[in-house]
Each structure stands twice: as structure tokens, then as C-alpha cells.
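Protein sequence lines, in the order shown, are assigned to chains A and B. Per our numbering, the very first residue in the first sequence carries number 27; after that it's consecutive. Per our numbering, the very first residue in the second sequence carries number 110; after that it's consecutive.
Hints in this document: simulated from the structure, not taken from any laboratory. Built from N, CA and C at the ideal position, the CB exists for glycine as well. A portion of the hints provided could be inaccurate.
[Unchecked claim] Quick partial rundown of chain A residues pointing at chain B, CB under 10 Å, derived from the structure: (1) A47; (2) V52; (3) R54; (4) A55; (5) D56; (6) T58; (7) L64; (8) L66; (9) K111; (10) A115.
[Unchecked claim] Only pairs whose alpha carbons sit at most 20 Å apart, straight line, appear in this in silico DMTMM-like list of lysine to aspartate or glutamate: (11) K295(B) - E225(B); (12) K111(A) - E114(B); (13) K117(A) - D246(B); (14) K111(A) - E121(A); (15) K111(A) - E79(A); (16) K111(A) - E123(B); (17) K117(A) - E114(B).
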Amino acid sequence: MYPTDAIDDTVHQRVRLGILAVLSEVRRADFTYMRDALGLTEGNLSRHLQVLENADYVQVNKTFEGRRPRTWISLTRSGRNAFAKELGALKALIERVDGPR
Amino acid sequence: MDRQEAALTVDRIERLQRATRQRSRGKPWDLWFPLVLFGSLMLITPLIERAMGGLAVGVFWGVAGPIGTLACAWRFRRRELVIGLEIPPAPYLLVSLAIVIGALALGWIGGASGGELQWMGPLLAVSGGYVVFAWIDRLHGLGAVALALAVLVVILATSSLNDDTAAAIATLAYGGAFLSTGLFLKLKGPSGR
Chain A
27 MYPTDAIDDT
37 VHQRVRLGIL
47 AVLSEVRRAD
57 FTYMRDALGL
67 TEGNLSRHLQ
77 VLENADYVQV
87 NKTFEGRRPR
97 TWISLTRSGR
107 NAFAKELGAL
117 KALIERVDGP
127 R
Chain B
110 MDRQEAALTV
120 DRIERLQRAT
130 RQRSRGKPWD
140 LWFPLVLFGS
150 LMLITPLIER
160 AMGGLAVGVF
170 WGVAGPIGTL
180 ACAWRFRRRE
190 LVIGLEIPPA
200 PYLLVSLAIV
210 IGALALGWIG
220 GASGGELQWM
230 GPLLAVSGGY
240 VVFAWIDRLH
250 GLGAVALALA
260 VLVVILATSS
270 LNDDTAAAIA
280 TLAYGGAFLS
290 TGLFLKLKGP
300 SGR
């Protein structure tokens, strides 16, 4: 099997990979942090989060802190697995061309 | 996708992960609060022991330990809400719990059996816990301080000093090291933290 066969089109997109990379290091991140860390507009981030949520890779929770709305995003188990698989496929592609180290 | 694109993508992912990890775990100076808090509590422990005895020390830490841990947890939680990143609390809570339970248990067992374990045990439990904290957050300096203090405990225990004197010196050394490290980190950090 060629490494790129394992690449998931839902995950394999620059912004969405960035979202998953950030979420892989924390329990959850809020929308504003994600927007600023990835340098996105709110609309752009929302669109990509919708794609990931539809694939059940992220969970989006809208809460209130006092009167202030806040949106938290977390990685689901299948999202974590999909991200790990994508990262593995990319590294396998690099190693396949370079040869095992 | 070619190799170069894959390598650039992996590099970008790893940079994002590193940046997120650093932002979520905070800078070393964010540790000033628990170090100052527990350092101060340790510095007054010999006074309590002298005035009211070893059992009072156990009661003091049985109350102050969990309350102090909760105060630190509240502070770190507040920071998470401010920056918008939450990390899994389980490792930190487990280590904190292990320190409190380990210290109290070893102190109680040592008290029942007599000997150095009564005062060595709790201090070594603290050192062990802080070595684990340092490993979790990759803070080599903190780990080194914790290990050095553990070595001091062993040196004092095997010296010719009597237990009360050795215990007081060790506890003051722990308290002084934690407090001074915490104050140093507070002063080193950005103003207003």
C-alpha cells in the first residue's frame, strides 16, 4: 500500500490539519484562540470546523460564561485517530522516499 | 503529494503542536504561585512542630495540603480560561494527590515506628512529586532542585545530627528553596502576572 492511500481527504487540508494539530495537544481550545493561532477569519474557521464536526472528528460546545458566549472545540476519539493516521501516512511518505533511518 | 510537501506539512504540524504545548503549559514563571505557597507553608512547619508537636504538623498538612492544592488548581484553571486552552488535569491532580497522601502516610508510619521516616518520608514524597511535575512539563531546573533537596534529606538523615535538628534543617531548606525559587520566577516573569 502506498503511503498516500492512507491520507484522509477530510483531514488532509491545510487549515483542518492545523486545527487538529492544535487540538491534539490540549483537552479543548476556544474558538478565539484557534482563530488567532491559525491566523484565520471567523467565517473561514467556522467552515472548516463544520467539515470536521460533520465527520465526527471534533466536538463544538457553545457555552456561556456569565453573559459572555464562548465556543470550545475538542478532538473526538475518531478525530484523534484520524489525525494520528494522517501524520503516520505523511511520515511514511517521507521515509519511503528517503529510506528507513 | 510529493516528499517535500509532506515534509513541510509535518514540520508545520509539529511547530503548531510545540507552540500549543508551550502556550497551554505556560512559562516556568507561572509556577511561582505553588512554589511560594508551599514554600511558605514549609517554612512555618518547624514552628508548629516546636510549639505543638508532630501530630499538629500532620493535622496542619492534612488541611493545608489539600487546600493549597485546590488553590493552585483554581489559579491554573483561571489561566486556562483566560488563554482559551485547557489541558487534561488528571496527571497534575494525580501527582498532587500522591504527594499529599504519600507525605501523610509516610509521616504517620514513621511516627508510629519512630526514626527518621517520620520526617524524611513526607519530604521525599514532595521531592518525588516535583520531579514528576518537572518531567511532565519538561522543566529540568525544577527537577534538579527537587532531586538536590532529596539528596540533602538523605545526607541529613545519615549525619550525626539528632532527628529534630535534621528535620528542621531539611524542612527549612525545602521551604527556603521553594519560596526563593517561586519569588525569583515571579520577579523574572512579565509584570502583572
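Structure-based check of each hint:
1. A47: Check passed: Cβ of A47(A) comes within 4 Å of chain B, closer than 10 Å.
2. V52: Constraint on V52(A) satisfied, holds at 5 Å.
3. R54: Since the shortest Cβ distance to chain B is 5 Å, the answer is holds.
4. A55: At about 5 Å, which falls below the 10 Å cut-off, the nearest Cβ of chain B leaves the hint on A55(A) intact, so it holds.
5. D56: Cβ of D56(A) sits 4 Å from chain B, so the hint holds.
6. T58: With Cβ-Cβ at 6 Å, under 10 Å, it holds.
7. L64: 8 Å, holds
8. L66: 13 Å, violated
9. K111: The hint is violated - K111(A) has no Cβ within 10 Å of chain B, the shortest such distance being about 13 Å.
10. A115: 9 Å, holds
11. K295(B) - E225(B): This hinted pair is violated, its Cα atoms lying about 34 Å apart.
12. K111(A) - E114(B): 17 Å, holds
13. K117(A) - D246(B): Judged against 20 Å, a Cα distance of about 26 Å means the pair is violated.
14. K111(A) - E121(A): 15 Å, holds
15. K111(A) - E79(A): Since the Cα atoms of K111(A) and E79(A) sit roughly 18 Å apart, the hinted pair holds (cutoff 20 Å).
16. K111(A) - E123(B): Holds, because 15 Å separates the two Cα atoms, which is no more than 20 Å.
17. K117(A) - E114(B): Since the Cα atoms of K117(A) and E114(B) sit roughly 11 Å apart, the hinted pair holds (cutoff 20 Å).
When held up to the earlier numbered hints, the structure conflicts with 8, 9, 11 and 13 and fits the remainder.
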